[in-house]
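Take the given structure of chain L and dock chain S with the ligands to it, following the hints.
The primary structure of each chain is shown beneath.
2 protein chains.
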Amino acid sequence: MAPLSSWLQVDPKSHFSIHNIPFGVISTAEESKPHVAVAIGDHALDLHVFAQENGFSALSIIQPHQHVFSEPTLNAFAQLGRAMHRVVREYLQSVLLKDGPFKNVLQENQQLQQAALVPLEKCKMHLPMFTNDYTDFYAGLNHAYNVGVLFRGPENALQPNYKHLPVGYHGRASSVVVSGTSIKRPNGQILADPQKKEPMFSPSKKLDIELELGCFVCKPSSLGDPVRIEDAPEHLFGIVLMNDWSARDIQAWEYVPLGPFNSKNWATTISPWVVLMDALEPFTAKGITNDTQVLPYLDEKDRKSHYSIDLSVSLTTSSGTASSIGKTSSRNLLFSFPQMLAHHTIGGCPFNVGDLLGSGTISGESKNEKGCLLEQTDNGKTEIALEGGEKRKFLEDGDQVTITGCCGTEDGGLVGFGECTGKIEPAVSMSF
Amino acid sequence: MAPLSSWLQVDPKSHFSIHNIPFGVISTAEESKPHVAVAIGDHALDLHVFAQENGFSALSIIQPHQHVFSEPTLNAFAQLGRAMHRVVREYLQSVLLKDGPFKNVLQENQQLQQAALVPLEKCKMHLPMFTNDYTDFYAGLNHAYNVGVLFRGPENALQPNYKHLPVGYHGRASSVVVSGTSIKRPNGQILADPQKKEPMFSPSKKLDIELELGCFVCKPSSLGDPVRIEDAPEHLFGIVLMNDWSARDIQAWEYVPLGPFNSKNWATTISPWVVLMDALEPFTAKGITNDTQVLPYLDEKDRKSHYSIDLSVSLTTSSGTASSIGKTSSRNLLFSFPQMLAHHTIGGCPFNVGDLLGSGTISGESKNEKGCLLEQTDNGKTEIALEGGEKRKFLEDGDQVTITGCCGTEDGGLVGFGECTGKIEPAVSMSF
Ligand SMILES: [Ca+2]
Ligand SMILES: [Ca+2]
Ligand SMILES: [Mg+2]
Ligand SMILES: [Mg+2]
Ligand code: NI
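Sequence lines, in order, name chains L and S.
The first sequence runs 1 to 432 under UniProt numbering.
The second sequence runs 1 to 432 under UniProt numbering.
Since the hints were made in silico from the structure, they are not lab data.
Each statement offered as a hint is correct.
In this list, chains with the same sequence are indistinguishable; a pair is considered to hold if it fits within one copy or across any two.
Calculated cross-link-like contacts (lysine to aspartate or glutamate; reagent style DMTMM-like; alpha-carbon spacing at most 20 Å):
#, residue 1, residue 2
1, K196, E155
2, K391, D378
3, K381, D193
4, K196, D291
5, K423, E387
6, K393, E425
7, K163, D299
Same shape as in the complex, but just chain L (with noise of 0.2 Å):
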């Protein structure tokens, strides 16, 4: 496909472009009230105020639910399904093309132009959905692996059941926070010394983040009412990007037997425009080939159903320098978002629209693709050096984090998730 372009001018650079039309909800001086946009360039097209304009006047089908673009999350806009999404998404794509079929409603339109494009910088970003469940599974095989040996050795890395279901465990949903969200450096038990099994109360010193993908639910399924593996794509909504933020010390002392609690409760930070499942639909891929035969029920077959996502790390100090500290693919996975929908509702456990699904930790083959601190500096054996001098075994206060993702070239227009950021603060401090 020849790439599109817009008569409203975007960068080449920018991750929103004509090709993506990612979902977010913003608040704006005119709307305080969180709502429903898009982002196109570096603007954002607010659909509250297009929808109120009649800038749906070309698209009946939209007409009787225009109301969820004045919602204060993508649930209803969600909840109408993957044919709608795909109409409302290209109907857009349409009314931004350049000397496209829709001129009148917007390249014409000085007036709503005026209303409704509202610069990025100026749009304050909001959890993009109401999340009931978040699950955050444990598929990045490289990253498993290189936890497993660090823990276990070679030997006995992978766990024996890891290739034959995508492992996971419920997260705390009302930690997810958006980009851009404080993070506050936790307090919890940990061991002074890790052969004495006597705890100390203290802010965590193993504060670490997690490169994942985020992917969000569409469709509900009820109790008792597993979601077919080939039925899978049509319950996925779009993905975002995740950090989730861990601290090792808290982790290491109370995770048996019943595994990760409080070290990973405190935050867990997403990227605020959601990129629907349609935009990513160029970029799929094979993941990680599975050596081990999956039971018929996660068998995709030969659907790909991962996507060439580049993904890259950060860190900034609180001298303001910033540092890469990872770049890999999201392709490193070894099970997809299809296969862990699938495996989670086996079962029978149900899903709301908004439910949220985490990768895991998403890391390469090699030294520079390593999605945590665990893994780079193996559990604060080592350290990486970072610009300027300073250097790290974990998080200091004053760090702030900042995950990008995308897809495709320049020249074929940029699908990417712009930032999913934070920084960390001091850690409450407690008297007794």
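Chain S with the ligands only, in chain L's frame:
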């Protein structure tokens, strides 16, 4: 306190004496939209109708908030806070009290009695609260010890962290269902031969119960904002019975290293009537003494934060024969709900009104006091004998499990929870 008595006839065996006044969500023939009620004897007092018909005329403080009784969950009422719960509950007790101060409100108002008092058997019960996040703890020391012995032997039965913190995991909020909901046996991956780590797809063959208490939160707390142990009681709304249905074979295969997942997320049943913390106040007790000194953030000093609730579990097979399969007391917990909340929030995890804490399986020390079949049958190595000659290792299709729980005496007026029940249906039949 001398027992109170109502002008409404209440069987002394009723769990819902005038000393209780539990809150729930009902729908009726007259009002099919779920709304709020309290239980008294074998009636519900429909608070939507009661409020509409001016039943709260003598309680001016609630008047600006009466809409909470027309809501489909107790969340809005819960959010009013413990002081308001206390006032409303005591007012309703006064209204129901024989020759009490507000005789004219209901005792002498036949018309309102007719409209607002609904026999319980005519009420359809709904989930009492909307739960954004559900957490299941593991605070039943005897249970944790017994299970530890089964899997790791008596030497390492309890993990080193067990007495230092309330171990828990995030559960699946969407799978919390109200008593009476049918429970489909889950399908999933299980090992045919535990030695050969090769899973097969099958309905679970080790379907189990877990006898627990659930506690609802009524006061929100923000990201990064720990709830202090001394403030925690103000955050707790009330208690329900809980059956955390568990598939032991799915659990055994999936749970390393991130904890239970599909083994637990297909259903957790709770009783429909929430017994408020104030109603339980006369039955406070000490739990199991912790021989480990906990860190100050968990130290309740001498506060009695447990309750003397007599719990029992019965199993009715498809033949209709019921057998008692366990009795114990809720004092068999090492950590209290305030301790669970203080621990859960110590790293900054936020809470919403309606969030649910599960206690963990409650077992006593003796043979007949075990809160799950895993313990009772040594993971299926032995069988339990039921009335009428049947035997069980784990649950069979058609089995109905009912948990009951009650405080106090018939003379003093029972404060009970009614029933938490569910019946096992066959697994979904799937072909590929
Ligand atoms: Ca993670
Ligand atoms: Ca449990
Ligand atoms: Mg997290
Ligand atoms: Mg459960
Ligand atoms: Ni502009």
